[in-house]
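Enquirer: All chains should be built: construct the whole structure from the sequences, respecting the hints.
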Amino acid sequence: MDKLKITIDNRTIEVPPGTTILQAARMIGENYPPAMCYYTPLKETGGKCRVCLVKVTQSSEANPRPMPKLVASCLTKVENGMVVENETSTEVLEARKGVVEFLLINHPLDCPICDQAGECDLQNLSYKHGTEATRYEEGRREFEKIDIGDNIQLHMTRCILCYRCVYTADQITNSRVHGVLNRGDAAEIGTYIKNAINNDFSGNVIDVCPVGALTDKKYRFSQRVWFSKPFYAHRNCDKCGGEAVVWIKNNDIIRVTSRKDKFGEVIKFICNECRFDHKNMNDWSIENVYELDNDSVINANKYKHVEESPAVNVDAKFVSE
Amino acid sequence: MSVVRLTDRIKVMERKPMTFLERIYLPAIIKGMSITISHFFKKKATISYPEQKRPMSEVFRGLHILKRDDRGAERCTACGLCALACPAEAISMTAAERKRGEELLYREEKYAAVYEINMLRCIFCGLCEEACPKAAIFLQNDKLAPASFEREDFIYGKDRLVEPFLLKKT
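Chains as they are written, first to last, in our numbering: chain A, 650 to 970; chain B, 32 to 201.
Simulated from the structure, these hints should not be mistaken for lab results. Hints are all accurate, no fakes.
Calculated pairs, BS3-like style, for lysine-lysine (alpha carbon to alpha carbon, straight line, at most 30 Å): (1) K867/A to K928/A; (2) K928/A to K130/B; (3) K898/A to K189/B; (4) K130/B to K898/A; (5) K794/A to K98/B; (6) K898/A to K98/B; (7) K165/B to K898/A; (8) K189/B to K867/A; (9) K189/B to K951/A.
Per the computed footprint, the stretches of chain B lying under chain A, defined by three or more beta-carbons under 8 Å from a beta-carbon of chain A, are: (10) 111 to 119; (11) 123 to 132; (12) 138 to 147.
A short list of chain A residues far from chain B (calculated; beta carbon distances all over 10 Å): (13) D651; (14) P665; (15) E750; (16) E793; (17) D910; (18) S934.
This structure is a prediction, so every number in the text was calculated from the model and none was measured. We treat Cβ as the ideally placed atom computed from N, Cα and C, and that holds for glycine.
Expert: What follows is the structure, encoded as structure tokens:
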């Protein structure tokens, strides 16, 4: 089939049929809409958080009328000759500001305590699109902390109900025991009768969680993310391939996460054994410095990685703060 | 070896024999003593420091303090923003989780088990105070880090940084 032409923020690109506006915007690579629930590696995600709203000023070449309302770009398919306004439209930015305010209504804003702070999608989103102060004075939802197995802790207070972890457990692992209970304002992620998720890949729910609702229990409170230094690393693992990112502080591995692309999406899911059980430097072959966004707080007080000297298989002794 | 002269501004000193007034020495002594004695009656430029203290500016940035809240619980939650903001990298900390029953000791569910400021590194810029989201760290305007002979004495732990509980005004 022919490729479809779409113009987003005055930049035109040709994409294959079936592509969504969000994917097309990411292909352009600049000023793409943010996404809190849509996750490329997982099927059927998207359409829940509403932060990716865009304005369609021309539906298609055949039908040049604008769409009546803002649409969720992660679910709307591209049509030929579509014209989309993302950050050039004040209407979109206003709507996004409202969406961020709604997402933060029940969020406890305990970033100084939360382990996700510094690599949190909601923090970045509200920094870019939110307002400085909150207008909400009523009480926020409160939950007890739930342990999902030995390694994962669930803070429902921080959850924004993006459903990513539910889809991960559904699609990456072969049996799931947790899901969303109740409806609307009362909805929460739960494991019926506090069932432990005992699956080799259950730890990936930590990586897909855009906020600090699902956190690594062994990493809990041990370090702020910006005090450790991430490196690409690999080990021989027959379950997942063992390609991961290790976070090093004072020559100790304090955390292992999966590798993410520039949209913050996991490239390859890693198994629980790699994630939780191998914290020894000798278990891993350290590769390069993990590349982060230029404006990431994790880069603070660190020397910048130089492209010309790839430090492949650096001896563990030289990898220091 | 000849000396290379950089300028021609050379003043040749002449050694003349002393006059009579210079030789009797007394006028010079009187002149000098009068200056010295006149200083007895002038206002002193110094103060006797430990007993007397000069008024300090309201915005002076001195020794740090980790404040407690109204109930006496420590405000610091070991978020690490002060250490991140610190241009001299003087601050380091280790976080710990608050246990059941410690709610009156620590305000948040996480607290700083170890909190150290190296006063030799600190430049007293006050960026930690600005970065603190919990209004926990402040630079006092009436205290300085005292001098010491040992380097270890300048690493201030929580024992010397946390506001004393008894001195809290109710």
